[in-house]
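**Q** Chains A, B and C, in that order, give the protein sequences.
Heads up, the first sequence is in the working numbering, so the first residue is 200 and it goes up one at a time.
Heads up, the second sequence is in the working numbering, so the first residue is 472 and it goes up one at a time.
Heads up, the third sequence is in the working numbering, so the first residue is 553 and it goes up one at a time.
If you are wondering where the hints come from, they were derived from the structure by calculation, not from laboratory data.
Among these hints, one or two may not hold up.
Which residues of chain A face chain B? A partial, calculated answer using Cβ under 7 Å [claimed, not checked]:
#  : residue
1  : Asn211
2  : Phe317
3  : Ser319
4  : Phe321
5  : Met325
6  : Pro328
7  : Ser330
8  : Asp377
9  : Gly378
10 : Phe412
11 : Ala413
12 : Gly456
13 : Ala461
14 : Gln462
15 : Asn465
Here are the simulated lysine-lysine pairs, DSS-like style, with alpha carbons at most 25 Å apart [as the list claims (entries may be wrong)]:
#  : chain 1 : residue 1 : chain 2 : residue 2
16 : A       : Lys340    : B       : Lys688
17 : B       : Lys638    : B       : Lys590
18 : B       : Lys658    : B       : Lys637
19 : B       : Lys851    : B       : Lys637
20 : B       : Lys851    : B       : Lys838
21 : B       : Lys846    : B       : Lys632
22 : B       : Lys686    : A       : Lys340
23 : C       : Lys627    : B       : Lys590
24 : B       : Lys632    : B       : Lys807
25 : C       : Lys627    : B       : Lys611
26 : B       : Lys838    : B       : Lys719
27 : B       : Lys686    : B       : Lys719
28 : B       : Lys688    : B       : Lys638
29 : C       : Lys861    : B       : Lys604
30 : A       : Lys340    : B       : Lys719
31 : B       : Lys807    : B       : Lys590
32 : B       : Lys719    : B       : Lys632
33 : B       : Lys568    : B       : Lys590
Since this is a predicted model, take the numbers as computed values, not measurements.
From the three backbone atoms N, C-alpha and C, an ideal C-beta is built for every residue, glycine too.
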Amino acid sequence: MTTSLFLQLVVNGIMVGGVYGLMSLGINLVWGVMGVVNLAHGDFIIAAGFLTFWLFARFHLNPLVALPVGVAMGFVLGALTQKFLLGKVPQDRGAVKTSLLMTFGVSYILINAAQLLFGSEFQTVMFLPGSWHVAGLDFAKSRTIAFLMASAVSLALWAFLRFTFAGRAIRAVSQSVDGASVCGIDIPRTRIVSFGIGSALASAAGALLVMIFAISPAMGNGYTIRSFAVTVIGGLGSFPGALLGAVILGMSEVFAGYLVSAQIANGIAFLLFLLVLLARPQGLFGRKPS
Amino acid sequence: MGTRWMILPAIAVVAAFPKAPAAAAEGKPIVIGASMSLSGPYAAGGRYSLEGTQLWADEVNKQGGLLGRPVRLVYYDDKSDANTGVQLYEKLITADKVDLLIGPYSSAVTSAVSTVAEKHHMVMLGPEAADVKIYQRGYKYNFQAQTQAGRYMQGALTLAKAHGYKKLAMLSEDTAFPKAVSSEVAKMAAQYGLDVVFNETYPKGSSDFSALLTKVKQIGPDVVFANSYLPDSQGIIRQCRELGVDAKMFAVAVGAAEPEFGNLGSTAEYIFGATQWGASMPWPGNAAFVTAYRQKFNRAPDYHSAANYAAGQVLEAAVKQVGSLDQEKLAAAISKLELDTVYGHFQVDRTIQVGYNSALLQWQNGKQALVWPDKVAEAKPVLPVPPWSQRR
Amino acid sequence: MTRLEILVAAAAVAFVVALPLLGSDYLVGFVFTTFLFVGMAYGWNLISGYTAYVSFGQISFFGIGAYTVAILVTKLSFGWPLAVLAGAVAAAALAVPLGWAMLRLRGPYFALGMLGFVQVLQMVASAWTRLTNGGEGIYLPPAGSLRALYFGSAILVVVGIAATSSIDRSAFGLRLRSIGEDEIAAEAMGVDTTRAKLLAFVIASAFPAVAGGLYAFRLSYVDPASAFPGSYEVQVILMAIFGGAGTVFGPLVGGVLLSTLGEALWARFAELHLFLFGLIIVVVLRYMPEGLIPRLRRLAASAAASGRKAAAR
Chain A
200 MTTSLFLQLV VNGIMVGGVY GLMSLGINLV WGVMGVVNLA HGDFIIAAGF LTFWLFARFH
260 LNPLVALPVG VAMGFVLGAL TQKFLLGKVP QDRGAVKTSL LMTFGVSYIL INAAQLLFGS
320 EFQTVMFLPG SWHVAGLDFA KSRTIAFLMA SAVSLALWAF LRFTFAGRAI RAVSQSVDGA
380 SVCGIDIPRT RIVSFGIGSA LASAAGALLV MIFAISPAMG NGYTIRSFAV TVIGGLGSFP
440 GALLGAVILG MSEVFAGYLV SAQIANGIAF LLFLLVLLAR PQGLFGRKPS
Chain B
472 MGTRWMILPA IAVVAAFPKA PAAAAEGKPI VIGASMSLSG PYAAGGRYSL EGTQLWADEV
532 NKQGGLLGRP VRLVYYDDKS DANTGVQLYE KLITADKVDL LIGPYSSAVT SAVSTVAEKH
592 HMVMLGPEAA DVKIYQRGYK YNFQAQTQAG RYMQGALTLA KAHGYKKLAM LSEDTAFPKA
652 VSSEVAKMAA QYGLDVVFNE TYPKGSSDFS ALLTKVKQIG PDVVFANSYL PDSQGIIRQC
712 RELGVDAKMF AVAVGAAEPE FGNLGSTAEY IFGATQWGAS MPWPGNAAFV TAYRQKFNRA
772 PDYHSAANYA AGQVLEAAVK QVGSLDQEKL AAAISKLELD TVYGHFQVDR TIQVGYNSAL
832 LQWQNGKQAL VWPDKVAEAK PVLPVPPWSQ RR
Chain C
553 MTRLEILVAA AAVAFVVALP LLGSDYLVGF VFTTFLFVGM AYGWNLISGY TAYVSFGQIS
613 FFGIGAYTVA ILVTKLSFGW PLAVLAGAVA AAALAVPLGW AMLRLRGPYF ALGMLGFVQV
673 LQMVASAWTR LTNGGEGIYL PPAGSLRALY FGSAILVVVG IAATSSIDRS AFGLRLRSIG
733 EDEIAAEAMG VDTTRAKLLA FVIASAFPAV AGGLYAFRLS YVDPASAFPG SYEVQVILMA
793 IFGGAGTVFG PLVGGVLLST LGEALWARFA ELHLFLFGLI IVVVLRYMPE GLIPRLRRLA
853 ASAAASGRKA AAR
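Kindly generate the complete structure, drawing on both the sequences and the hints.
**A** Take a look at the structure:
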C-alpha cells in the first residue's frame, strides 16, 4: 500500500468519523443524563435527512440553510417525547424495560411518519459535486463541508455544556440527580432539554448525511447501532471519547471496506460494538456502567 | 381464563374471509394483478413500469376491452423487496382472485415471485426480469419479457473494443440481475479484447462506495461498468468524481435511462447507459405509445414503461388467440408467439427471451442520446471522456 | 382446568382443525402467518416477559431457522419437517454461547447487544456466499401443501401455550419472575440466575427458529433481507406486550388481535401499518403497561368486588 493511498483512506475515515461523532454525542448526552437508551436515534437522523431533502427538492433550499430547520424539528420532537412519554414512565424497577420499549415504538412512529410525508425512496441532495485536491489527496467537497459543520456543531455543544447554565445543569444531573436537585435544578425540565438536544444533534447529523450520499428509511437501525457503537467504544459520558470512538469506527469501516469487502465493512460497527461491550464495557474513557 | 377471549376474534376472522365465489358472470371485468416497486431502491424504474401497464390497460378498454370484457388492474407496492412481493402475489392469486398476472420489477423480485405463479399454475410474463437463470428452472408458466442480462452491455463492450480499451472494472449490486450482467460480461470480455481487472459486489441498499472505488482507482481501469439500479448508479458515478476515479468510459446497467439520472448535473455528462428501447425506434405503434403516455402521465416514457406496455400487448394477443383465460392454453400460446411490440420483437425460446435486444445511450449536453446501434443512433458517442478535474 | 376452559379449548382445537376445510386458501395462509407470529410472541415472552431481559434480536433466530431450512432442503434434500426441527436445534445451539455472552450484560446493554447481533448475522448471510448464496438468496422448491405447513404452525402455538403454561406454574417460572423483579435480590436468595436466564434464552430461541423455517419454506425464497425482517420484531414485541407480557395467554390474544388489524393494512398501507403499531406500543406502555389480559382481569375483579359490595348492602 502506498503512503498516499494509506493517507487517502485515513482522510476518508476521519471525514466519515466526524459525522459519526456528531451522531454519538446525542446518544452520550441522553444516555449519560437520563440513563435512557434511545432506540429511535437513527430514525431521528434519517427523518431529518428526509426533511432536508424535501426542503431542497421542493423549495431549492440550500441544505446548510435547511440544517437549522431539521435541528429545530429534532429538538421539538425529542422534547415532546421526553415530556409526554418517557418522562411519564414510573421510575420503578421496570423503568429501563419500559423506556427501551417506548423508544422502540417511537422509532417506528418516526420513520413511518417520515415515509408517509416524504416518500420511501432513496434520496440525496446533490450539493457541491466534485472534490478539492490538496497535497495529492482528494477531499470530496460534500464530505469536507459535512465534516467541518459536524465539528462546528460539536464545538458549539461543548461550549454550551461548559459555559451556559443550562449546560452545566445537564452535566450536574448526569453526575448526580439528588445532588443536582438539592442545588435547586429543575430535574424534569433539564431532562426534557437534554433529550431535545440529543435528538437535535441526531437531526443535524442526518441533514449532513443526506448531502453526502443517498439515504433510505431502512438505514435508521444501522445508524442507531453505529451511534451506540461509537459511544460504547469511546466510553459513556466522555466527550473526547465519543470523538475518538467515532474516528476509530470511521477508519475501521474504510479500511475493512478496502482490505476485505463492502459486506464486511457494513457489519464492522456491530462487531466492534459487541466486542467492546463484552470485553471492556466502559470503553476507552468512560465510567463503569451502572 | 384468557381462553374465553379467543372466541370473538375467531368468529370475526372466519367471517371476513369467505371461500371462493361461484364462476364469474358475463361483463365482469378481467382482473390483472401485479406488485410493483413503488418504494425502496427500485422505485424509479418501478413507477415507469406501472405506468406502462396502466396505459396498456386504458388503451385496451378504449378499444372495447379484452374478450368483450373491461380490464381492471390491481396492484400493490412490494417495496423493492422479494419477500413482500411473494406475499403480495399470494394475496393477488388467493384473495383478490386475479385472472391474469404481470410480473414485478427486477430480476430478484421476479425470481422469488415466479415460484408463486408456478405453484398456482398461472401464466406470468416477466417484463422487468433480465436474468435468464429465472427461466432455466424448468418452470412452464413464467415467460421472460425483457432483454436478457447478457445483452445489456453489448453496446458498451462494442464501443470499448472499437476504441481498443483493455482494462475493465465492474461493480455490481449483490442481487440477481447485476450479478447476471457481470457474469455474462466476464464470459464475453475476451471476445471484445477486454481484461476484467476488478469485479466486486456491494450489498443491496448501499450508499457509500468509496472503499470499493478507492480500490478501482488504484487499478486504473480503462472502462468502468456499474451493474446497478438508479440510486447506486448515481452514487457510484458521483463518488467516482469525488474520489477522482478516472476512466476512458463509464457505463451503467440501469439508471442512465431515467431522466432522474440528470439530477447529477454536470457529473452525468458523458456517462453511458444501457437501454432497451428508445422513443425514436421504428417499432409498430411506438410513436403512438409515446404520445399517449405523455398525455396521460405528463412525462416521457422510459424503457421500463415500454417493456410493461409490450407485455400487455403480448398478453392481449395470447388471450385473443386462445379465446379464453385458460392458463394452460395461454402458456402454450405464449411459448410459440412472435409479436412485434412497441419494445421490439417478442419471441421466447423455452421461456427465455430471445427476440428483444439492447441499445446504448450517452448523456450529452444534459440530455440522453442514443449512440448505438447505428440504425437507431441519434448522435455519435463521445470517447474517451474528459477527466473529472477538467469538468465544470 | 375448569369445565368452561376445557370446552373453550376443545372448540379452539376444532376450529383450528376444521379451518382448512371451511376457509379459503387465503384465510388459511393468513392464520398460518398469525400462528407464526403468536409462536414468536411466546418465545419473546419467555425471555423478555418473565425475566425482563428485553431482546430486540429474536429475529436472529428466525433467520437461522429460515436459512437452515433453505440450505438443508436445497443442498441436502431434507424434508421440511426435519429441516425445521434442525433449524430449532441450530438456533438453540447458537443461543447457548450467545446467551452466555449477552446475558452478562444488564438491561440496555443486552438490548443493544441483541439488536446489533441481528445486523452481524445479516452481514454473515451476505458475505458467506458459499453457504447462503449471498444477496442473491436461496430458492426453495415450491411448497406442496399449505395445509401441512399450517398444522406445523398450529403445533408451534400449542407448544408455546403448553410450555409457557407449565413454566408459569413451576419453580423455574418463579425463578424467572424473580430475576425479572430484582435480579440482585434473586441472586442473594440463592437463585442460580445465570443458569435460569440461559435456559429461558435457549428455549425462547427455538420459537422464532421454527417460525422462520416454516416461513422460508412457504415463501420458497430466503435472502439476507427477508430472513431478518426488522418489522417482524416490532410486531412480535407488540403482540406480547399488548396481550400481556409474562402471562400465559397474552401472546395468543395479542397476536390474533393485532394480526387481524395488520391484515387490513399491510398490503395497501404498509407505512401506516407500522406507524400504527409503533403508536400502539407507545400508548400501551403509557396507559396499560401490564397488557390487555391483566388489565381485563383487574376490571373483572373490581367489577366482581363492587358487585359483591352492592349485594352485601
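**Q** Confirm or reject each hint.
**A** Going through the hints against the structure:
no.	hint	verdict
1	Asn211	6 Å, holds
2	Phe317	11 Å, violated
3	Ser319	3 Å, holds
4	Phe321	4 Å, holds
5	Met325	5 Å, holds
6	Pro328	5 Å, holds
7	Ser330	5 Å, holds
8	Asp377	42 Å, violated
9	Gly378	44 Å, violated
10	Phe412	4 Å, holds
11	Ala413	5 Å, holds
12	Gly456	3 Å, holds
13	Ala461	4 Å, holds
14	Gln462	5 Å, holds
15	Asn465	6 Å, holds
16	A:Lys340 / B:Lys688	18 Å, holds
17	B:Lys638 / B:Lys590	45 Å, violated
18	B:Lys658 / B:Lys637	15 Å, holds
19	B:Lys851 / B:Lys637	21 Å, holds
20	B:Lys851 / B:Lys838	13 Å, holds
21	B:Lys846 / B:Lys632	19 Å, holds
22	B:Lys686 / A:Lys340	20 Å, holds
23	C:Lys627 / B:Lys590	21 Å, holds
24	B:Lys632 / B:Lys807	36 Å, violated
25	C:Lys627 / B:Lys611	23 Å, holds
26	B:Lys838 / B:Lys719	20 Å, holds
27	B:Lys686 / B:Lys719	17 Å, holds
28	B:Lys688 / B:Lys638	12 Å, holds
29	C:Lys861 / B:Lys604	75 Å, violated
30	A:Lys340 / B:Lys719	23 Å, holds
31	B:Lys807 / B:Lys590	22 Å, holds
32	B:Lys719 / B:Lys632	12 Å, holds
33	B:Lys568 / B:Lys590	15 Å, holds
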